[in-house]
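Visitor: The lines below spell out each chain.
There are 2 protein chains.
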Amino acid sequence: MFEKLVEKVHQKGVERIYWKNIERVLAGLFDTSNFWRLVDHADMPVPYLKVVLEVLSDEGLVRVEADGIYLTDKGKEFAKEAGVAPHVEYKCPACEGRGVAFWQDKEFYRKFVEIAKDRPGAIQDFDQGAVTPETTISRVLHMHSRGDIEGKEIIVMGAEDDLTGLAIALTQKAKKVLIIDIDERLIEFDNKWIKELGLKNAEARVWDLRNPYTEEFLGKFDVFVTDPPETPAAFKAFIGRGIATIKDRGGVGYFGLTLRDSSIYRWKQFQKELVEFYGAVITDIIQDFNHYMNWDYHGNTVAARVALTEQKVPDFIWYKSAWYRIELLPGFKRVNDPISDEVFYLDEEGSTT
Amino acid sequence: MFEKLVEKVHQKGVERIYWKNIERVLAGLFDTSNFWRLVDHADMPVPYLKVVLEVLSDEGLVRVEADGIYLTDKGKEFAKEAGVAPHVEYKCPACEGRGVAFWQDKEFYRKFVEIAKDRPGAIQDFDQGAVTPETTISRVLHMHSRGDIEGKEIIVMGAEDDLTGLAIALTQKAKKVLIIDIDERLIEFDNKWIKELGLKNAEARVWDLRNPYTEEFLGKFDVFVTDPPETPAAFKAFIGRGIATIKDRGGVGYFGLTLRDSSIYRWKQFQKELVEFYGAVITDIIQDFNHYMNWDYHGNTVAARVALTEQKVPDFIWYKSAWYRIELLPGFKRVNDPISDEVFYLDEEGSTT
Numbered sequence: 001m002f003e004k005l006v007e008k009v010h011q012k013g014v015e016r017i018y019w020k021n022i023e024r025v026l027a028g029l030f031d032t033s034n035f036w037r038l039v040d041h042a043d044m045p046v047p048y049l050k051v052v053l054e055v056l057s058d059e060g061l062v063r064v065e066a067d068g069i070y071l072t073d074k075g076k077e078f079a080k081e082a083g084v085a086p087h088v089e090y091k092c093p094a095c096e097g098r099g100v101a102f103w104q105d106k107e108f109y110r111k112f113v114e115i116a117k118d119r120p121g122a123i124q125d126f127d128q129g130a131v132t133p134e135t136t137i138s139r140v141l142h143m144h145s146r147g148d149i150e151g152k153e154i155i156v157m158g159a160e161d162d163l164t165g166l167a168i169a170l171t172q173k174a175k176k177v178l179i180i181d182i183d184e185r186l187i188e189f190d191n192k193w194i195k196e197l198g199l200k201n202a203e204a205r206v207w208d209l210r211n212p213y214t215e216e217f218l219g220k221f222d223v224f225v226t227d228p229p230e231t232p233a234a235f236k237a238f239i240g241r242g243i244a245t246i247k248d249r250g251g252v253g254y255f256g257l258t259l260r261d262s263s264i265y266r267w268k269q270f271q272k273e274l275v276e277f278y279g280a281v282i283t284d285i286i287q288d289f290n291h292y293m294n295w296d297y298h299g300n301t302v303a304a305r306v307a308l309t310e311q312k313v314p315d316f317i318w319y320k321s322a323w324y325r326i327e328l329l330p331g332f333k334r335v336n337d338p339i340s341d342e343v344f345y346l347d348e349e350g351s352t353t
Numbered sequence: 001m002f003e004k005l006v007e008k009v010h011q012k013g014v015e016r017i018y019w020k021n022i023e024r025v026l027a028g029l030f031d032t033s034n035f036w037r038l039v040d041h042a043d044m045p046v047p048y049l050k051v052v053l054e055v056l057s058d059e060g061l062v063r064v065e066a067d068g069i070y071l072t073d074k075g076k077e078f079a080k081e082a083g084v085a086p087h088v089e090y091k092c093p094a095c096e097g098r099g100v101a102f103w104q105d106k107e108f109y110r111k112f113v114e115i116a117k118d119r120p121g122a123i124q125d126f127d128q129g130a131v132t133p134e135t136t137i138s139r140v141l142h143m144h145s146r147g148d149i150e151g152k153e154i155i156v157m158g159a160e161d162d163l164t165g166l167a168i169a170l171t172q173k174a175k176k177v178l179i180i181d182i183d184e185r186l187i188e189f190d191n192k193w194i195k196e197l198g199l200k201n202a203e204a205r206v207w208d209l210r211n212p213y214t215e216e217f218l219g220k221f222d223v224f225v226t227d228p229p230e231t232p233a234a235f236k237a238f239i240g241r242g243i244a245t246i247k248d249r250g251g252v253g254y255f256g257l258t259l260r261d262s263s264i265y266r267w268k269q270f271q272k273e274l275v276e277f278y279g280a281v282i283t284d285i286i287q288d289f290n291h292y293m294n295w296d297y298h299g300n301t302v303a304a305r306v307a308l309t310e311q312k313v314p315d316f317i318w319y320k321s322a323w324y325r326i327e328l329l330p331g332f333k334r335v336n337d338p339i340s341d342e343v344f345y346l347d348e349e350g351s352t353t
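Chains as they are written, first to last, in the numbering used here: chain A, 1 to 353; chain B, 1 to 353.
Each statement offered as a hint is correct.
Where chains are identical, the list cannot tell them apart; a pair therefore holds if satisfied intra-copy or between any two copies.
Below 27 Å or equal to it, Euclidean Cα-Cα: the simulated DSS-like pairs (lysine-lysine) are:
| no. | residue 1 | residue 2 |
| --- | --- | --- |
| 1 | K175 | K76 |
| 2 | K220 | K76 |
| 3 | K236 | K272 |
| 4 | K247 | K12 |
| 5 | K175 | K333 |
| 6 | K220 | K4 |
| 7 | K91 | K106 |
Note that these hints are calculated values from the structure, not bench results.
Take these sequences, add in the hints, and give me the full structure.
Guide: Structure below.
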């Protein structure tokens with residue numbers, strides 16, 4: 001029953017959509033009329049969701065109003081016939097569905113919250129938008145329980161608006177923590193705290209990831225952590241370069257990947273590159289691990305412009321990403337080319353930069 | 001510092017080990033002297049663990065006693081110098097680290113426990129060993145929240161000692177549930193309950209997965225669920241055939257994969273096949289999702305014979321596996337060859353059959 005709808009979406013120039021994407025939108029509409037919550041349920045790039053909703057609207061299956069998006073009676077009937085069931089969730093409320101609970105180290109959590117309260121605000125130019133403190137702490141506890149913090153040399157590459165690097169340094173358990181980011185404000189913020197708290201073996205430094213790494217970085221770390229924008233160029237800059245920092249004997253990488261700025265087709269391409277090209281093995285994919293706070297510049301993003309309704313500024317967490325852990329087995333591949341800044345942050349699937 | 005140890009393990013014929021495996025064994029030994037808990041921490045095939053322990057013992061780093069395995073003073077010093085940190089865990093206690101909590105549908109859980117109490121015992125010939133009821137219920141709730149139960153045509157292939165198929169049928173939400181297993185006792189058990197409770201659209205049938213599927217199975221389902229032994233032949237039989245049941249437009253697969261009967265090198269090979277050969281994309285890998293109860297025939301397995309210590313029968317859950325979810329995008333590949341029964345259940349990495 002979805003074939004006709006899929007074809008119409010394809011005709012509108014969006015190729016990387018299949019029936020499951022449309023099913024998920026319909027399932028989401030049984031639960032919400034809010035565009036942003038629908039993005040959360042639908043797990044697809046915002047610009048694609050816009051096109052799907054336009055097609056569903058053309059077919060009389062949904063009604064787009066200023067205050068939200070609704071299934072029409074025809075839409076409800078269609079969904080029922082197609083066997084679409086309402087969106088349900090059984091996420092563990094204790095750990096917000098991560099499997100690791102941030103409150104398992106309360107002192108660490110409290111300390112981090114105190115420090116993070118004065119962090120610099122998000123800047124659109126750098127695709128910033130920080131995760132919640134609960135996310136950052138859960139990342140560190142997850143890494144620690146996988147043996148990837150204590151005694152390790154760790155590089156945190158970009159996305160330091162999340163303060164993941166500073167949080168790792170706070171544990172005082174790593175052998176070395178090097179935090180690099182393009183944003184001077186964040187680097188200053190980190191270095192201030194590193195100095196003030198006397199955090200040993202930690203350093204923050206301004207660096208633009210589009211430039212190749214020097215010898216100082218290549219093959220020198222046990223673990224890299226990053227949170228790239230989802231374009232292929234950014235994947236290469238963040239993940240590819242992250243892999244290039246790993247020691248010959250192998251190591252570990254952590255990063256977020258979302259289905260809200262990237263299609264499932266692109267995930268497949270990324271996974272193929274990870275396993276086949278780079279020689280990595282994926283050990284964890286935890287959906288909706290990373291919860292992003294709403295950012296000040298949201299009203300000025302593609303996402304906000306394509307929102308269809310007047311619900312421009314979400315007041316709840318709608319942007320989430322999966323948390324990947326990979327291991328690099330001996331023989332993995334290092335790549336360290338310069339990266340063009342074309343389509344670095346934004347392309348046809350991205351919308352939140 | 002690990003290079004010499006890795007080389008010695010390689011010399012003993014175990015190639016698929018790298019430094020991280022040895023690190024994990026040492027980290028585990030800071031936490032436990034119990035062989036079975038060490039298996040749980042080390043995430044490596046039991047026969048490989050045996051060889052690693054032999055090498056560590058030859059080098060004077062560990063001491064193997066009848067009551068357990070201990071780091072020697074030399075071992076502790078080595079571990080400290082090599083930056084090995086004790087194994088720690090921050091698993092959410094509320095959901096046992098799954099991110100989905102079985103108690104989120106108490107009535108369902110209670111009903112299932114009542115039914116499962118009389119299930120047939122595990123048989124070694126079929127590589128059986130059931131997961132806990134909490135695991136089975138969490139699987140179903142996870143599937144349901146990902147939109148993969150309600151209105152769907154589902155095939156559950158083997159491993160019905162877990163009663164995952166019966167649990168899905170109990171929800172009464174699927175369009176169709178077909179349960180196949182080689183073990184008549186389980187099929188009878190399921191059909192008895194399907195009849196007694198009047199579970200609509202559910203059927204259990206005896207089937208040997210080594211035989212190719214008939215037209216009745218191929219391309220007819222939205223979702224497959226299975227829990228294969230970890231040999232390449234079994235992967236092909238269970239996962240490959242599972243994929244062959246999926247409709248042209250695409251669908252979803254769920255299965256368990258462990259690092260206790262399979263090396264990280266084999267995981268890489270499986271992932272390559274999934275993404276590159278079959279055309280799947282991996283959406284979830286949740287470590288330690290599946291908890292296996294101890295099985296009656298444990299004393300008679302390779303694992304028990306290689307245990308080194310006299311701690312033959314674990315009285316806690318030590319065998320866990322990761323829970324994978326994959327999506328099949330249009331254009332995925334169906335394979336339906338007959339499967340040889342050589343190395344179907346057991347090979348150099350397997351030990352618990």
